[in-house]
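Work out the full structure, taking the sequences as your base and the hints as a guide.
These protein sequence lines map, in sequence, to chains C and W. Under this note's numbering, the first residue of the first sequence is numbered 1, with each subsequent residue one higher. Under this note's numbering, the first residue of the second sequence is numbered 1, with each subsequent residue one higher.
Derived from the structure by calculation, the hints contain no laboratory data. Note that the structure is a prediction, hence the values are computed from the model and not measured. There could be a bad hint or two in this list.
Quick list of the computed label-pair ranges, beta carbon to beta carbon [to be verified]:
(1) W/E561 / C/R87: 50 to 60 Å
(2) C/G56 / W/N313: 57 to 67 Å
(3) C/D19 / W/G271: 22 to 32 Å
We treat Cβ as the ideally placed atom computed from N, Cα and C, and that holds for glycine.
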Amino acid sequence: MAIQKRLNVNGKLVVVKIDDPDMPLLYVLRDNMGLKGPKFGCGLAQCGACTVHVEGKPVRSCVTPLSQVTDRHRVVTLEGLTPTGARRAHPVQRAFVEEQAAQCGYCINGMIMESAALLATNKKPTEAEVKQALAKNLCRCGTHARIVRAVIRASKYTQG
Amino acid sequence: MTKRLIPSRRDVLKRGGALIVGFSFAADAAAQQRPLPPPTIRPGLPVRVPAPPARSLDLADVDAYLAIDISGTCTIYSGKVDLGTGTNTALRQIVAEELDIRFENTQMVTGDTQVTPDQGTTWGSLTIQVGGMQIRNAAATARQALVAEAVKRLAVKADELFIADGLITGGGSRATYGELVGGRAFLLKLDPANPAPTKNPRNHKFIGRSLPREDIPSKVMANFTYIHDFRVPNMLHGRVVRPPAIGARLQSVDETSVSGIPGFIKLVREGDFLGVVAENEWAAIRAGRELKATWSPSQTLPEQDKLWDHVRNTTVAASDTTSGTGDVEKAMATPNARLMKATYDFPINTHGSIGPSCAVAEFRDGKLTSWSASQATHNLRKQLATMFGLPAESVRCIYVEGAGCYGRNGHEDAAADAALLARAAGKPVRVQWSRADEHGWDPKGPPTLIDLRAAMDDRGNVAAWDSEFFLPQQTPSGFLVPLVAATLAGMPAENHIAPGNIFQNSAIPYRFPNVRTVCRRLETTPLRPSWIRTPGRMQNTFANECFADELAAVAKIDPIEFRKKYMDPADRRGHDVLDRLMTLAKWEKRPSPQVSPEGNVLKGRGMAYCKYELVRTYIGAVAEVEVDRVSGQIRVPKFYVVHDCGMIINPDGVKNQIEGNVIQTMSRTLIEEVKFNRSQVTSLDWESYPILTFPDIPDIVIDLISRPAEKPWGAGEPTSAVVPSAISNAVYDAIGVRLRSAPFTPQKVKAAVSDSALQAPDATPSLRRSRT
Numbered sequence: 001m002a003i004q005k006r007l008n009v010n011g012k013l014v015v016v017k018i019d020d021p022d023m024p025l026l027y028v029l030r031d032n033m034g035l036k037g038p039k040f041g042c043g044l045a046q047c048g049a050c051t052v053h054v055e056g057k058p059v060r061s062c063v064t065p066l067s068q069v070t071d072r073h074r075v076v077t078l079e080g081l082t083p084t085g086a087r088r089a090h091p092v093q094r095a096f097v098e099e100q101a102a103q104c105g106y107c108i109n110g111m112i113m114e115s116a117a118l119l120a121t122n123k124k125p126t127e128a129e130v131k132q133a134l135a136k137n138l139c140r141c142g143t144h145a146r147i148v149r150a151v152i153r154a155s156k157y158t159q160g
Numbered sequence: 001m002t003k004r005l006i007p008s009r010r011d012v013l014k015r016g017g018a019l020i021v022g023f024s025f026a027a028d029a030a031a032q033q034r035p036l037p038p039p040t041i042r043p044g045l046p047v048r049v050p051a052p053p054a055r056s057l058d059l060a061d062v063d064a065y066l067a068i069d070i071s072g073t074c075t076i077y078s079g080k081v082d083l084g085t086g087t088n089t090a091l092r093q094i095v096a097e098e099l100d101i102r103f104e105n106t107q108m109v110t111g112d113t114q115v116t117p118d119q120g121t122t123w124g125s126l127t128i129q130v131g132g133m134q135i136r137n138a139a140a141t142a143r144q145a146l147v148a149e150a151v152k153r154l155a156v157k158a159d160e161l162f163i164a165d166g167l168i169t170g171g172g173s174r175a176t177y178g179e180l181v182g183g184r185a186f187l188l189k190l191d192p193a194n195p196a197p198t199k200n201p202r203n204h205k206f207i208g209r210s211l212p213r214e215d216i217p218s219k220v221m222a223n224f225t226y227i228h229d230f231r232v233p234n235m236l237h238g239r240v241v242r243p244p245a246i247g248a249r250l251q252s253v254d255e256t257s258v259s260g261i262p263g264f265i266k267l268v269r270e271g272d273f274l275g276v277v278a279e280n281e282w283a284a285i286r287a288g289r290e291l292k293a294t295w296s297p298s299q300t301l302p303e304q305d306k307l308w309d310h311v312r313n314t315t316v317a318a319s320d321t322t323s324g325t326g327d328v329e330k331a332m333a334t335p336n337a338r339l340m341k342a343t344y345d346f347p348i349n350t351h352g353s354i355g356p357s358c359a360v361a362e363f364r365d366g367k368l369t370s371w372s373a374s375q376a377t378h379n380l381r382k383q384l385a386t387m388f389g390l391p392a393e394s395v396r397c398i399y400v401e402g403a404g405c406y407g408r409n410g411h412e413d414a415a416a417d418a419a420l421l422a423r424a425a426g427k428p429v430r431v432q433w434s435r436a437d438e439h440g441w442d443p444k445g446p447p448t449l450i451d452l453r454a455a456m457d458d459r460g461n462v463a464a465w466d467s468e469f470f471l472p473q474q475t476p477s478g479f480l481v482p483l484v485a486a487t488l489a490g491m492p493a494e495n496h497i498a499p500g501n502i503f504q505n506s507a508i509p510y511r512f513p514n515v516r517t518v519c520r521r522l523e524t525t526p527l528r529p530s531w532i533r534t535p536g537r538m539q540n541t542f543a544n545e546c547f548a549d550e551l552a553a554v555a556k557i558d559p560i561e562f563r564k565k566y567m568d569p570a571d572r573r574g575h576d577v578l579d580r581l582m583t584l585a586k587w588e589k590r591p592s593p594q595v596s597p598e599g600n601v602l603k604g605r606g607m608a609y610c611k612y613e614l615v616r617t618y619i620g621a622v623a624e625v626e627v628d629r630v631s632g633q634i635r636v637p638k639f640y641v642v643h644d645c646g647m648i649i650n651p652d653g654v655k656n657q658i659e660g661n662v663i664q665t666m667s668r669t670l671i672e673e674v675k676f677n678r679s680q681v682t683s684l685d686w687e688s689y690p691i692l693t694f695p696d697i698p699d700i701v702i703d704l705i706s707r708p709a710e711k712p713w714g715a716g717e718p719t720s721a722v723v724p725s726a727i728s729n730a731v732y733d734a735i736g737v738r739l740r741s742a743p744f745t746p747q748k749v750k751a752a753v754s755d756s757a758l759q760a761p762d763a764t765p766s767l768r769r770s771r772t
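Following this line, the structure appears as structure tokens:
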């Protein structure tokens, strides 16, 4: 039987109908809500393509059962990283465009969400710290060097 | 579409050439092609172009590639698709350049069998080199026609016209492209033998500039629609349930094991093809996981430990001599000739797309529409038509960008899965593969084994070079990798072995007096093969460039000096690449290996060179490595590339590709290897098939040689060719040990170190495996 689930996604309260209380968060975001930021990559928390923020922390939504998420948890996806009505995109998103830090871009959701979470706690990371923070985010196109440059660039904006 | 009417830059019409006389736009020929409403396109959003009237798909027609609407916007119809490499942006630059319109007034429609011409598979670094040049010719021809039309309409001589931003002015009058041809067909033929003149590179405004890619903002802001995000009304979700062993037969299925899952709709069984259809994705995933089925045992694969014996013992279907000069055997038999031999191997690789293959299909009124990230929609259409017994006209395949594929991965297979499930469900079905489906069932880069021999005279000159490449055959009838669903379901299919043109770069760019290079095309290979980035060229160049390095070391010559000594002196571009490589990498001329300092972690540098397919893009590379002799760990802190692909359309786009080539191929070289047992692939996730991660990424230094007056050549894969050999040669330089078997795992490094300790320091490089 379908059950109703209340969530707080990108600053909005939403109610979704689900059949399985342990369905991973990723499928509510993508299928019930039609969001395109978080991606399915492995379903095993090995690649990072599905990363979202829960209470500001990067979380692998592909292995996060809905039973662990309530409407008291603020979930933010790539769509919500730049607040509605903001005049400029989030510094990490701006920097990724400016550095042309994507090839196919399928991993970029995870790269941006992971980096934004890093910069929230470490405002001026070194290159080595950026690499370490992204060590569990996989990119197959080989865009790593640009991604690191983009995060360093974003860190300069946020120091502002 | 807003458009500035007053051009900011005026470009005096300088391009001469004979104007075509007597061409006609289809001025009143509404019956031939009525104006199409301009498709509104956002990057990544698949366009549903109205089906009728049919567009010309004839490769000789300007109209096959271009259409200008009444607002002056040019829609480019490209059979080559953007696989995440930025080619859409580059193709728009080419058209904006040759048509003299604003970049913003161009847009792309790609890979739709109904509206885009069949320009061949998007592979082989040919999108710009071949596809782009067809489109360039169309744009230049179209511009010529527009000028001729303006001459008539404005009653001004051609050389008194000014053209900029899609506006032609002269004699106090003006006409926009939209006014001249908007919404109508050009009805012009291309003449490849006598193409319309293209713009003088000195006047280039778009070509050669690093314009930002059209797709990156929407990818970064989560607006982009990948195939994985693509939805159609009434769509259901499917999952495939693959056999636990290749060749296993489906014996029974227990539908009750999943019938209680909310949202489960249907089990689809067709021979040994098994799939589930559900209302929502999670229900499909659960049903796919929980379905109980029994399969016959099957063991069709060789033992992995004996893979190379298996390859060596596979029946040779054909032997192709890819180059030959002189008499190798005679030279080898010369008294006092110093003989050397070595065997190189490169393992099975998987494409490893970050997004597993995905497709949507719909059957309606006996017609099939397939949306997928196929790199060859026209070929996929043929394959799906064969599979379902439909005429090709009843199948439409539409490209929607997916995760990077780097060759023929599982996208086409997912398209076949979706079609089979959609037919059974009577509704559109989306199929998304699991990670295990992708790692287990996408076609693989085949194992490659290479034997090399050489003879050197007593002055250190190479007298003979002899190589044998053991590679699976490419069946002559086509590059159609069999669709998994058709094979499992026993549906009609052509039984191809299609690893691609993997013989390329078996021949070498060095002019030794006696050369023989032979490809032994094997009848079979253990897992379904296909092409993965730089197919064959990478593995073959690995062997060639390492063995060349072996010869240089024995001759005690600097490795770059050695190559320049044997390259065609007339090949200036090749020499330029190596000269600039020495400057870029601050190359110290000396033979390898270095005179070893003390310590366990030793530094070294190695180089490699390739002229892609011996006819196009030149690449030279230097790898700097640090090798820990005790742990066997190799680090590559720095990698230098000099790259000459002729005319560069978008320099930053080329750099992005070069960086990707280096990192991806470093990963394949150092750590990647598909593991399997007698039944199936066992590397089914990223833990069992790891790829390179951020902490191990080198600093990549690139020197692009720009030659605006030359033809543009490919950049999507050539750099991969030089990566494994540059690293292996650097390891040799560091520790005096030759790595001939990829991946260069710590275990292999340690084994090679202990092997070499048993040998005399100046011994002839020995065979790692003895030849039979």
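task: Check each numbered hint against the structure and report the violated ones by number, ascending.
output: none
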